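From just these sequences and the hints, can you work out the full model?
2 protein chains.
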Amino acid sequence: MVNITTQMVQVFAIFVAFLALGFAAWLYAWVKSQPSSNARIAEIGEYIRRGANTFLKREYLVLARFTAVAAVLIFVLLPHPLWAENADITKNIWMTVSYIFGTVLSALAGKIGIQIATIANIKSAEAAQKGIKPSFMTGFRGGAVMGMAVVGTSLLGIAVVLMLVGDATSVLGFSFGASSLALFAKAGGGIFTKTADISADLVGKVELGIPEDDPRNPAVIADNVGDNVGDVAGMGADLFDSNVASMAAALVMATALGGIAGKNVIMVFAYAAVGLLSSIIGVATARIGKNGDPSKALNSSTYVTTAVYAVLTALATFLFGFEWRIWGATAVGLIVGTVIGITSDYFTNDNKPPVQEVAKASKSGPAFTILSGFSYGLLSCLPALIGIALSALLAFKICSPLGVAIGQEAEYGMFGISMSALGMLSIVGMIISNDAYGPIVDNARGLAEMGGFGEKVIAITDELDSAGNTVKAVTKGFSISAAGLTVISLLGAFMSEVNTAARELGIIAAGESFIKNFDIMDPTVFFGLIIGVAIPAIFSAMLMLGVDKNAQRMVAEIHRQFDTIPGLKEGKEGVKPDYDKCIDIATSGALKELIPAGLVAILATIAVGFIGGARAIGGYLTGNIASGLLLALLMSNSGGTWDNAKKYVEAGNCGGKGSTAHKSAVVGDTVGDPFKDTAGPSINTQITVVSLVSSLLAVIFLQLSIF
Amino acid sequence: MVNITTQMVQVFAIFVAFLALGFAAWLYAWVKSQPSSNARIAEIGEYIRRGANTFLKREYLVLARFTAVAAVLIFVLLPHPLWAENADITKNIWMTVSYIFGTVLSALAGKIGIQIATIANIKSAEAAQKGIKPSFMTGFRGGAVMGMAVVGTSLLGIAVVLMLVGDATSVLGFSFGASSLALFAKAGGGIFTKTADISADLVGKVELGIPEDDPRNPAVIADNVGDNVGDVAGMGADLFDSNVASMAAALVMATALGGIAGKNVIMVFAYAAVGLLSSIIGVATARIGKNGDPSKALNSSTYVTTAVYAVLTALATFLFGFEWRIWGATAVGLIVGTVIGITSDYFTNDNKPPVQEVAKASKSGPAFTILSGFSYGLLSCLPALIGIALSALLAFKICSPLGVAIGQEAEYGMFGISMSALGMLSIVGMIISNDAYGPIVDNARGLAEMGGFGEKVIAITDELDSAGNTVKAVTKGFSISAAGLTVISLLGAFMSEVNTAARELGIIAAGESFIKNFDIMDPTVFFGLIIGVAIPAIFSAMLMLGVDKNAQRMVAEIHRQFDTIPGLKEGKEGVKPDYDKCIDIATSGALKELIPAGLVAILATIAVGFIGGARAIGGYLTGNIASGLLLALLMSNSGGTWDNAKKYVEAGNCGGKGSTAHKSAVVGDTVGDPFKDTAGPSINTQITVVSLVSSLLAVIFLQLSIF
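Going down the list, the sequences are from chains A and B. Residue 552 in this note's numbering sits at position 552 of the first sequence; the count goes up by one each step and never skips. Residue 656 in this note's numbering sits at position 656 of the second sequence; the count goes up by one each step and never skips.
It should be emphasised that the hints constitute simulated quantities derived from the structure, not laboratory data. No experiment lies behind these values; they were computed from the predicted model shown. One or more hints might be untrue.
For lysine-lysine, the following DSS-like pairs were computed, each having C-alpha atoms within a straight-line distance of at most 27 Å [claimed, not checked]: (1) A:Lys363 / B:Lys569; (2) A:Lys516 / B:Lys397; (3) A:Lys581 / B:Lys363; (4) B:Lys549 / A:Lys581; (5) B:Lys57 / B:Lys576; (6) B:Lys352 / A:Lys363; (7) B:Lys363 / A:Lys549; (8) B:Lys663 / A:Lys647; (9) A:Lys352 / A:Lys296; (10) B:Lys647 / A:Lys363; (11) A:Lys647 / B:Lys363; (12) B:Lys549 / A:Lys647; (13) B:Lys657 / A:Lys663; (14) A:Lys263 / A:Lys456; (15) A:Lys592 / B:Lys352; (16) B:Lys397 / B:Lys263; (17) B:Lys363 / A:Lys663; (18) A:Lys205 / B:Lys663; (19) B:Lys549 / A:Lys363; (20) B:Lys592 / A:Lys360; (21) A:Lys549 / B:Lys647; (22) A:Lys263 / A:Lys569; (23) A:Lys663 / B:Lys549; (24) B:Lys363 / A:Lys592; (25) B:Lys549 / B:Lys205; (26) B:Lys363 / A:Lys569; (27) B:Lys363 / A:Lys363; (28) A:Lys205 / B:Lys657; (29) B:Lys263 / A:Lys360; (30) B:Lys549 / B:Lys663; (31) A:Lys663 / B:Lys360; (32) A:Lys360 / B:Lys663; (33) B:Lys516 / B:Lys205; (34) A:Lys205 / B:Lys363; (35) A:Lys363 / B:Lys516; (36) B:Lys516 / A:Lys397.
To list a few chain B residues with every Cβ distance to chain A over 10 Å, as calculated [what the hints assert, rightly or not]: (37) Phe66; (38) Val97; (39) Val160; (40) Asp167.
Glycine included, each C-beta is placed from N, C-alpha and C at the ideal position.
Now the structure itself:
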């Protein structure tokens, strides 16, 4: 057994983080060095790059103002209000700095993603002329830049904050910074991308019958920009946030169980660093045969990462004498995560009955597409929910024999749950790589179409794109489930924060607990629970109404352009639509709608805290998870089912393109778009933000509440 | 102050119940004595009556077999397994008898409803020739027969069971009988009615452009039968169940707080009897002017009932020296129920923005109808959830100063919540009357159309029908919320059953509690909670897929008839479609699909109980309420919004009939049909059944469970 200290493991984590960042830089250089020569797609690629950067800049300006206001509030209030007896201004400064640091790193993750994605899309399109292998590698390595950069910076950030500040509460502040930015970035990007996507499809494909990505369509560039700002930047910020939140929750529990210098904190860092290392290995070893199957290549590198992680953590546990039971909890998370991924695939894969049934039902009209897809979406929640429930129960039962921290409410069972979430997210570097691969090859497909590369090349990019969709469905199930487990441990973190605060305020004596449980039969807890149920519903409704309104505006604009620009519809040489106008509509709409939805979630949390105090918040977080998981799974999966049902029909089944089934399936896909790409995945972040706000404001709720 | 005993109040309750039944008989005779002369509608009316009775008979045969199996299981297992040491065969016999009694009375409620509804529809159609007033009164009094009969029998049943058996657990058995029948009746009727409705509209209105209720349509009779078996019989069984469950929960708590002879039991009966009395007064005084507004007439009789109830319960409280605090809790339920009704109306009324926005969005295509209607449905959950949360919190806080039963876990706060639910349901007689009025006048409209009564008469029945839809939306919000509150008190009842059982089994000493709370942080509770979240989703998905599949079969059959019966499409004299074939498809389909969905919910409960024991069940019930309330409100309200958006467009807005907006709105309405009439309202019953199963099996879960 080798003895290590917190300092040593933190240095190791920082080293691995830099390794990942270095690897990202190498991959970036590699992608950039790939040949590109076609002037037409260089021009269009430039349009996309400029559109994405403009949106990002305007979005970050809005968010910078929000961050500034939040930073002032945090400085005044957290961890203790400046006017309180036990206030320590240094602590408040550190908290504020941690918060800002979190927002900056999260924004950076998005920016890096856009940077590489808008290069890799061009390179991947060009490479497709040479075959599937080079095109796949370009797309995949482009995505991996994002994966390595996001996980590298998140691990680096947490290690630095904990080293400098030295308490776990500041990590919560850092995590809140990351989450609040992710919340708005995800919502804004999600509204942008679906506004453009729906409008482009509706007028282009449905009304005029012109192909997808046809350069005559005024919304076509906006659509491609959307892939980048929604799926790349938004998703990056989102997974940055999930990763940080799961580490933060584990660190709070670990600290409560034995202090900053204790073995548990060491273990959290060791496991996180090993997870990143495994992802590096998985990415570095990813290969595809000359005519290989891209889905298989993506999945097999995921499995490599998983296996490497299991082996390396076991090795670390053996070497450093960590508890095997906690390793077991991590393994449970990893296994359950994989099983959830596979079952999600069942409901969204077009080789399986659900998608085919939805396609068949579409023959009777769009109402049947919606009803059957929605129903399968509801059914699809079951395996993931069982998985989450079981892994929480098993992780707890495996670890609880390790005992309870003396004089504290913290216990190893709860820590086990947070480590199980960490296990599920351990391979997040790999997940992000796969996720970012999707929009890159989607864009490459568009560029190949617009550049006139011909049928054969487009077919290659189509295959790459379709693999991206399949893998995306799997990783989404994975990340929603991990968020569910993280939030349970954040509930533990919240209780721990409340009790610490109650001791500091002298409300209870040292060694006592202010809150020992959140009893459902306590009407204050129940009150919070029922309100918590409503929040994800309101939040997603607001986002979808945003897309709905925005898309109606953009559809009107596309009609205007086709009606007033002579020769556009006919594709006359030299006639170009006004792409920028569409990008501008999507941008302004997204910026207008992104703040209110997120703010409602945050303000509702504060309101519940003031009405019912810490107990009500316990219930509120529970209700929020319950309804959030349900809605997130339902929306993501039914959206995926509709998308693939459309593709299944387009592949010539149930009447093929142009049939009633096809028209119905397009309606399903249009409904599914904001379900799966705007509302569904944003709920994830909403749950995390609300949990973090609660933990941070625990002290305030303790002092001021009506009931 | 007047002293009364439990016997006295039970006799009073039985007296009021008979009063209600006598009033129902008088109303029935009145409706029957109304003139009818038209041979054509008598013939069609006879078709409908026969179809409805045939379905009911076949459905009851299936349910009788289920009931027989369940009765044997109950006899062997409940309240104690026959092989257990403390088993008492007499108790098991009483439990079985109570259960069977519950199923029989519930079935009877459905049968009575069909009986009157299939007469009142003809009479109301005929009366419409003389004006709105006689037609309204016929429809309303027809509905009131159902209202009086249902509430009368439920009060009678509970009073008799408690008098004969003398313990509250048997009341749970009675309630389970009512609920399990309601679960299947509601599901079966819901699948039948929407199969027929969707198919008739899709082929008739959408494809062929023939009017609604056109006698050429082979599914037209099935559609009218559906109104009766789904909305009348199913709804009757459902509200019979809600009413019984809320009383059962209150009685279990009341008994725990002071025994069968205690003042609390007296109060429950007194309030329930007064509620029925108020409904009798409300129905008896209902009036409409010669050209009056039927919605106003319906709502004003609801308000009369509410006011009379508030005054009479206050009087009873004063006279018999009940606790004013408990009266307060009841009043909270009553007020919140009214507020929830009004806010539900906002989201489904075509004079208000949500419906109009959905209609406007429909101009861009069906996907936008679905997206916006679904989003408003999500938003509409907020007021009802806040209402439920607040009334639980307030009722508890008002009553908890009354204290805790000595040596018991029962407390007045929890009893307050159950009384608040009782308050919300106090006017259930009135609610059922209004609810049953809807399908009666809907049928009358169909008969007027088929009988060729001309535009003017159809316009009158249209107005009556539309009032029925508006009122229905309000009463649905009311009954879902009441079910939410009831289930909280059933959670209390469950805990009380577990502790009583633990004492009887000698697991704990007298005066101790086996379970003091359901702690969310306990992973067993959390495990149950997450599984509980999944159940309403699975349940409603199964029902909707049932409708979906069934409707596809029926659409094929309608096409077949139009294609193969010469002269049918053209409406040639003497050519009739084969109505019976369509009725048969709807019947067989409904009977095939109604058992599995309900059984899944019951079996999942048992599985969770065996895995995690009583604690897991506590979480499970909570998760079930959380997701059940969300889905029920979402589905009922978005369905209502779509329905009225279609009507709004048909009234000439957004392009009117035949426009793009209209076609899109029809898609929305078709999706909304099974949402609001099959899945949404069935979830209610599912929640109650699962709670009752848990309470009844508490003893078994206590002895056998893995974790």
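Hint check:
no., hint, in the structure
1, A:Lys363 / B:Lys569, "holds (22 Å)"
2, A:Lys516 / B:Lys397, "holds (21 Å)"
3, A:Lys581 / B:Lys363, "holds (23 Å)"
4, B:Lys549 / A:Lys581, "violated (45 Å)"
5, B:Lys57 / B:Lys576, "holds (26 Å)"
6, B:Lys352 / A:Lys363, "violated (35 Å)"
7, B:Lys363 / A:Lys549, "holds (12 Å)"
8, B:Lys663 / A:Lys647, "holds (24 Å)"
9, A:Lys352 / A:Lys296, "holds (17 Å)"
10, B:Lys647 / A:Lys363, "holds (26 Å)"
11, A:Lys647 / B:Lys363, "holds (26 Å)"
12, B:Lys549 / A:Lys647, "holds (22 Å)"
13, B:Lys657 / A:Lys663, "holds (21 Å)"
14, A:Lys263 / A:Lys456, "violated (57 Å)"
15, A:Lys592 / B:Lys352, "holds (24 Å)"
16, B:Lys397 / B:Lys263, "holds (20 Å)"
17, B:Lys363 / A:Lys663, "holds (17 Å)"
18, A:Lys205 / B:Lys663, "holds (19 Å)"
19, B:Lys549 / A:Lys363, "holds (12 Å)"
20, B:Lys592 / A:Lys360, "holds (21 Å)"
21, A:Lys549 / B:Lys647, "holds (22 Å)"
22, A:Lys263 / A:Lys569, "violated (68 Å)"
23, A:Lys663 / B:Lys549, "holds (20 Å)"
24, B:Lys363 / A:Lys592, "holds (23 Å)"
25, B:Lys549 / B:Lys205, "holds (20 Å)"
26, B:Lys363 / A:Lys569, "holds (22 Å)"
27, B:Lys363 / A:Lys363, "holds (23 Å)"
28, A:Lys205 / B:Lys657, "holds (26 Å)"
29, B:Lys263 / A:Lys360, "violated (61 Å)"
30, B:Lys549 / B:Lys663, "holds (22 Å)"
31, A:Lys663 / B:Lys360, "holds (21 Å)"
32, A:Lys360 / B:Lys663, "holds (21 Å)"
33, B:Lys516 / B:Lys205, "violated (58 Å)"
34, A:Lys205 / B:Lys363, "holds (18 Å)"
35, A:Lys363 / B:Lys516, "violated (55 Å)"
36, B:Lys516 / A:Lys397, "holds (21 Å)"
37, Phe66, "holds (24 Å)"
38, Val97, "holds (32 Å)"
39, Val160, "holds (31 Å)"
40, Asp167, "holds (23 Å)"
The structure is inconsistent with the numbered hints 4, 6, 14, 22, 29, 33, 35, although it conforms to all the rest.
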